[in-house]
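Go ahead and model the full structure; you've got the sequences and the hints to work with.
Protein chains in written order, with our numbering: chain A, 1 to 166; chain B, 1 to 437; chain C, 1 to 320.
Read the hints as simulated data drawn from the structure, not as lab findings.
Only pairs whose alpha carbons sit at most 25 Å apart, straight line, appear in this in silico PhoX-like list of lysine-lysine:
1. 164(C) with 78(A)
2. 78(C) with 68(A)
3. 255(C) with 268(C)
Here are some of the chain C residues that sit facing chain A, going by a computed Cβ distance under 10 Å:
4. 39
5. 49
6. 50
7. 53
8. 316
9. 318
Where is the CB? At the ideal position from N, CA and C, for every residue including glycine.
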Amino acid sequence: MSTLLLDAEAIYADLLRGVQKLWRPEAALVGIWSGGAWLAERLQRDLGLAGQAGVISSSLHRDDFGSKGMSAKADHTKLPFEVEGRHIVLIDDVLYTGRTTRAVINELFDFGRPASVTLAVLVDRGGRQLPIEPAFSAARVHLPAEQRLRLAKSEDGRFSFDVKEG
Amino acid sequence: MKILIKGGRLIDPASGLDRIGDLAIANGRIVGLGDVGEFSAERVIEAGGLVVAPGLVDLAARLREPGHEHEGMLESELAAAAAGGVTSLVCPPDTDPVLDEPGLVEMLKFRARKLSRCRLFPLGALTTHLSGESLTEMAELTEAGCIGFSQADQPIRDTLVLARALLYAATYDYTVWLRPLDAYLSGGVAASGAVATRLGLSGEPVTAETVALHTIFELMRSTGARVHLCRISSAAGVALVRAAKQEGLKVTADVSINSLHLSDVDIGYFNPAMRLNPPLRQGRDRDALRAGLADGTLDALVSDHMPVAPDEKNVPFAEATPGATGLELLLSLALRWGQDSGLSMAQSLGVVTAAPVRVLGSALGSLGASAGRLVEGGVADVCVFDPAASWAVTPERLSSQGKHTPFAYEISGFELPAQVRYTVVAGHMAFEAAAAR
Amino acid sequence: MLSKRNPQLNKHGELVHLLSIEGLPQAIIHQILDTAGTFLSVNDREVKKVPLLRGKSVFNLFFENSTRTRTTFEIAAKRLSADVLNLDIARSSTAKGETLLDTVANLSAMHADMFVVRHSESGAPYLIAQHCAPHVHVVNAGDGRHAHPTQGLLDMYTIRHFKKDFRNLTVAIVGDIVHSRVARSDIHALNILGVPEIRAVGPKTLVPGDLKDMGVRVCHDMAEGVRDADVIIMLRLQNERMSGAMLPSAGEFFKNFGLTPEKLALAKPDAIVMHPGPINRGVEIASTVADGAQSVILPQVTFGIAVRMAVMSILAGNEA
Numbered sequence: 001m002s003t004l005l006l007d008a009e010a011i012y013a014d015l016l017r018g019v020q021k022l023w024r025p026e027a028a029l030v031g032i033w034s035g036g037a038w039l040a041e042r043l044q045r046d047l048g049l050a051g052q053a054g055v056i057s058s059s060l061h062r063d064d065f066g067s068k069g070m071s072a073k074a075d076h077t078k079l080p081f082e083v084e085g086r087h088i089v090l091i092d093d094v095l096y097t098g099r100t101t102r103a104v105i106n107e108l109f110d111f112g113r114p115a116s117v118t119l120a121v122l123v124d125r126g127g128r129q130l131p132i133e134p135a136f137s138a139a140r141v142h143l144p145a146e147q148r149l150r151l152a153k154s155e156d157g158r159f160s161f162d163v164k165e166g
Numbered sequence: 001m002k003i004l005i006k007g008g009r010l011i012d013p014a015s016g017l018d019r020i021g022d023l024a025i026a027n028g029r030i031v032g033l034g035d036v037g038e039f040s041a042e043r044v045i046e047a048g049g050l051v052v053a054p055g056l057v058d059l060a061a062r063l064r065e066p067g068h069e070h071e072g073m074l075e076s077e078l079a080a081a082a083a084g085g086v087t088s089l090v091c092p093p094d095t096d097p098v099l100d101e102p103g104l105v106e107m108l109k110f111r112a113r114k115l116s117r118c119r120l121f122p123l124g125a126l127t128t129h130l131s132g133e134s135l136t137e138m139a140e141l142t143e144a145g146c147i148g149f150s151q152a153d154q155p156i157r158d159t160l161v162l163a164r165a166l167l168y169a170a171t172y173d174y175t176v177w178l179r180p181l182d183a184y185l186s187g188g189v190a191a192s193g194a195v196a197t198r199l200g201l202s203g204e205p206v207t208a209e210t211v212a213l214h215t216i217f218e219l220m221r222s223t224g225a226r227v228h229l230c231r232i233s234s235a236a237g238v239a240l241v242r243a244a245k246q247e248g249l250k251v252t253a254d255v256s257i258n259s260l261h262l263s264d265v266d267i268g269y270f271n272p273a274m275r276l277n278p279p280l281r282q283g284r285d286r287d288a289l290r291a292g293l294a295d296g297t298l299d300a301l302v303s304d305h306m307p308v309a310p311d312e313k314n315v316p317f318a319e320a321t322p323g324a325t326g327l328e329l330l331l332s333l334a335l336r337w338g339q340d341s342g343l344s345m346a347q348s349l350g351v352v353t354a355a356p357v358r359v360l361g362s363a364l365g366s367l368g369a370s371a372g373r374l375v376e377g378g379v380a381d382v383c384v385f386d387p388a389a390s391w392a393v394t395p396e397r398l399s400s401q402g403k404h405t406p407f408a409y410e411i412s413g414f415e416l417p418a419q420v421r422y423t424v425v426a427g428h429m430a431f432e433a434a435a436a437r
Numbered sequence: 001m002l003s004k005r006n007p008q009l010n011k012h013g014e015l016v017h018l019l020s021i022e023g024l025p026q027a028i029i030h031q032i033l034d035t036a037g038t039f040l041s042v043n044d045r046e047v048k049k050v051p052l053l054r055g056k057s058v059f060n061l062f063f064e065n066s067t068r069t070r071t072t073f074e075i076a077a078k079r080l081s082a083d084v085l086n087l088d089i090a091r092s093s094t095a096k097g098e099t100l101l102d103t104v105a106n107l108s109a110m111h112a113d114m115f116v117v118r119h120s121e122s123g124a125p126y127l128i129a130q131h132c133a134p135h136v137h138v139v140n141a142g143d144g145r146h147a148h149p150t151q152g153l154l155d156m157y158t159i160r161h162f163k164k165d166f167r168n169l170t171v172a173i174v175g176d177i178v179h180s181r182v183a184r185s186d187i188h189a190l191n192i193l194g195v196p197e198i199r200a201v202g203p204k205t206l207v208p209g210d211l212k213d214m215g216v217r218v219c220h221d222m223a224e225g226v227r228d229a230d231v232i233i234m235l236r237l238q239n240e241r242m243s244g245a246m247l248p249s250a251g252e253f254f255k256n257f258g259l260t261p262e263k264l265a266l267a268k269p270d271a272i273v274m275h276p277g278p279i280n281r282g283v284e285i286a287s288t289v290a291d292g293a294q295s296v297i298l299p300q301v302t303f304g305i306a307v308r309m310a311v312m313s314i315l316a317g318n319e320a
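And the structure:
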C-alpha cells in the first residue's frame, strides 16, 4: 500500500464525523503529542468547542525509558481543565502497539480521576501488544514492522502522512 | 670479579671522553679504559650499540626507611636504584624516626652496604626531630656518614634558628641542603594560577619559593654558609639562583624530573599522580627550569623519588600523599630533556653524574675523585644502557614499590627513551636486565 | 586511570555523570533546562510523582554536612519514584576510618544505581566516578571549591525563566568567589550559554586577578560591578574569611560589597537578585533586598528540585 492512497485530509473528515457521533456533553478533548495534539486542536475548532484542547505527553510514563532515556524534545503535558470527574476523549494520529496510550493514560491519572476515557484515532495500523482498543478509528492499514507512520502538518495547517523506514 | 665491557660508546661527561672502546674492571676499580690491552676477564659484556657511562648519582631519593621496614622498602628501593642505573644516592632525613642520631645513620648505612646495590649517602637532620628548634650534633653525624644537613620539606620558621644553624654548619664548612619554602606561604596543594583557580585547589604562590630564597641568600651573606638548594620550581627562583651565583655565594641547586617535564595543566581531572612537592607550576616556569639546567644555573637533575602506596594516592587530590616514583626514570628523563633541548648525550648525562658529584664536593672524601666519572684507577660504578631502545612505564616494569608516576604510560601514552642493561657498583654486577624486553 | 576524554560523557557524547558544568556541550545544558521545565509542571500536579526511576536506588553520600541540599535531592529522587538512602559520613580529620573508595565499593555492592556526592575536597566525585561500577551514575552535589553543577544549572534556569535570552545579559557575581564552587559553576555555565558580560566583584583577597582566565571581568568596586547589571548573584560570606586574615570584618564587607537598595538601584530597573542560600542578612545582602520585589531567591529553591529531577532522569536514561 502506498502513501498516496492515504489522504490525510479525507481521513480527518471521517475522524471528525466519528468523534461527533461518540461525543458527550461536557466531554474534553486531549490530543497525544504531537500528531494527536494537532488533530485535537483542529477538532476543537471544527466541533465548535470553547477553550483549548488538552495536550498530553507520554514521556514521563514510557516503558522504554531504560533503553531510550529522557527525550530531548519539549513535549509537555498541558491540560487546561480539571480531569477529576471529566469524560475525556483521547485523540492520537496512529495507534500501533498501544504502549503510548498506556503511558498517556497513566499520565492522565496523575492529574485526577476521569469519569471515563475514550480513544479515537486517525489510523489504526494493528500490531497491538497491549489490550487497548479505540472506540473509533477513521482508517485501518497494515504496514510492515520496519515502517513508521506519522502525521505531518504543513505550514498552512494541511495534514499529510509521513512514512519512514526503520 | 674481573669484568670486561667491550665495544661500547664510552662517555665520561667530566673529562669529555666520548669514544668507542672497552672498559676493564677488577677489584672494584676501573683498570682499563678505552684501549684495554691484555685482560683475562671472568665476565665479558658485549656492549656494541650500547652507551657505557658513569653510574648515575641521584641527589634526592627517599627510601622510607627507617619507618617502613616491614614493607622491605630498603631492599626494593635500592633494587629500583640499580635498575635505573643509579649507583649512588642521597636520601633526606625525614624518615621515621628522623635521622638526627649517629646510631640511626650508622644502621642505615650498614644495611645498605649489605645489600650491595647502590651507595647510600644520607643527609642528617639540621635540627633535632626536624622541629626547627635545636641543632643536631652535626660533627657526630658527619662522622657517622652524613654528607650534609637538611630540613627535608619542613622549613625552619624561626629565622634566628635558621641563621644560627647556617652559622654553626659554616664552622665546619658543612653543606646545608634547604628547600626554599616559606613556612607560612606554603601549604597549597597545587601551584597558584589559572589551573588551581579553575579546579578549586588551594594554591601555593611563587612567593613561597622566592621569599625563602631571598631569606636564605641574605643569611648566607652574613654567615658564609654553603647551601645546596633543593627542587627549584619556578622561573623567578631560577633567576634568583643565577644572580646569587653571579654574586659569588657558595650555592648549588637541583631540579626534579617532575618540574623539568610537567606543568600544572597536567593535573587534568584531579589526577593524584600529579600531587607533588613542589607543585607543578606553569609552562613558562618549566621552560626556565630547562634553560637553567642547560646553562648550569641549576647544577643537578634529581629523581625526587618518593614511593607512595596505592591507598595514599587513591584519595581526593588534596588528601593524596605528594610524591612519585622516580629512580628508574632518572636516566630516561635526563636524556629526554637533552634531546628536547638539543644537547649532546654527554651534556644530558652530566647533570646526573659529574654535576651531582661536584655538588657533594669534599663530603664524598676520596670517593669524590672518581664517583660520577669514568677514570682509570677510579671506582667501578658504571651504567650500561641502550640509547636506541624505549620503554613504557607500567607498574610491572617498575622494581620500586611505588608504582605512581606522572610519566606512566597509561597517562601520557608515550614511551621513555633508553633502557638500562647493566649496572655495576664497586666492581660487581648490581643489576642486569632480563634478556628480552 | 583518568583519561583525557571528559569523564562525564559516554562515547556517544551523552551525559552519564554530572561532575562539573565545565566541558558540557551547550546542547546538554539546554536539554537539562528544558527537561526541568517539564518537571516543574509535575510539581504542580495532584500526583507529584513519576515512575522514571522506579526500582532504582539513589544513595546520598554526604561527606560534608548539608541538610538543605540533601533534602532537595531526596525530594527530587522520591518524586521520580526512586528508593533513597541517606548516608551522612562526617568527615573527621583525625579519625580516618574507611577510605572514600572502600565506602563506595561497599555501597555499590548494595546495588546502588546513583550516587549523589558532596565532599569537602575538590575532585572527590571524579575519583568516585572513576572507580564505581560502569552502570552507576555520579551526581556532584558540591566538591570543595571546585563545582556545584546542579546549583549552577538551577541558577541558569532561574535566569532563563526571568530573562529569556542569555545572549544580551550582564551578570554580576559578588562576594567570596575564590572559595565558591557555586561561583565557578555559574561562571562556566554563563560562558557556555553565551552571556557576553560576566563580572566577578569583591575585594582582592576574595576575587583574585587570575579569575579572568575563567572568562570573567574582575571588579574590585561594587558600584562599577553592579552598574547596569541584569542579574546579580550574591554569594554567602563565611566566618572563616575573617579568621584567615582575608577580611577584617563582616561590617566592612557589607559597607563596601553588600547589596543594599542603593547599590541595587545602580543595576537595571528590572534586574533580578539571586543567592544560592542560606543568606546572611546584613552581611552580603540587606534584608529589604532579600525580601524585595527583585529578589528571586525563593523561586530558585523551587527550580532546584525540578532541575535535580531533570539531571537524575537524564542520567538514569543513559548507559555508560
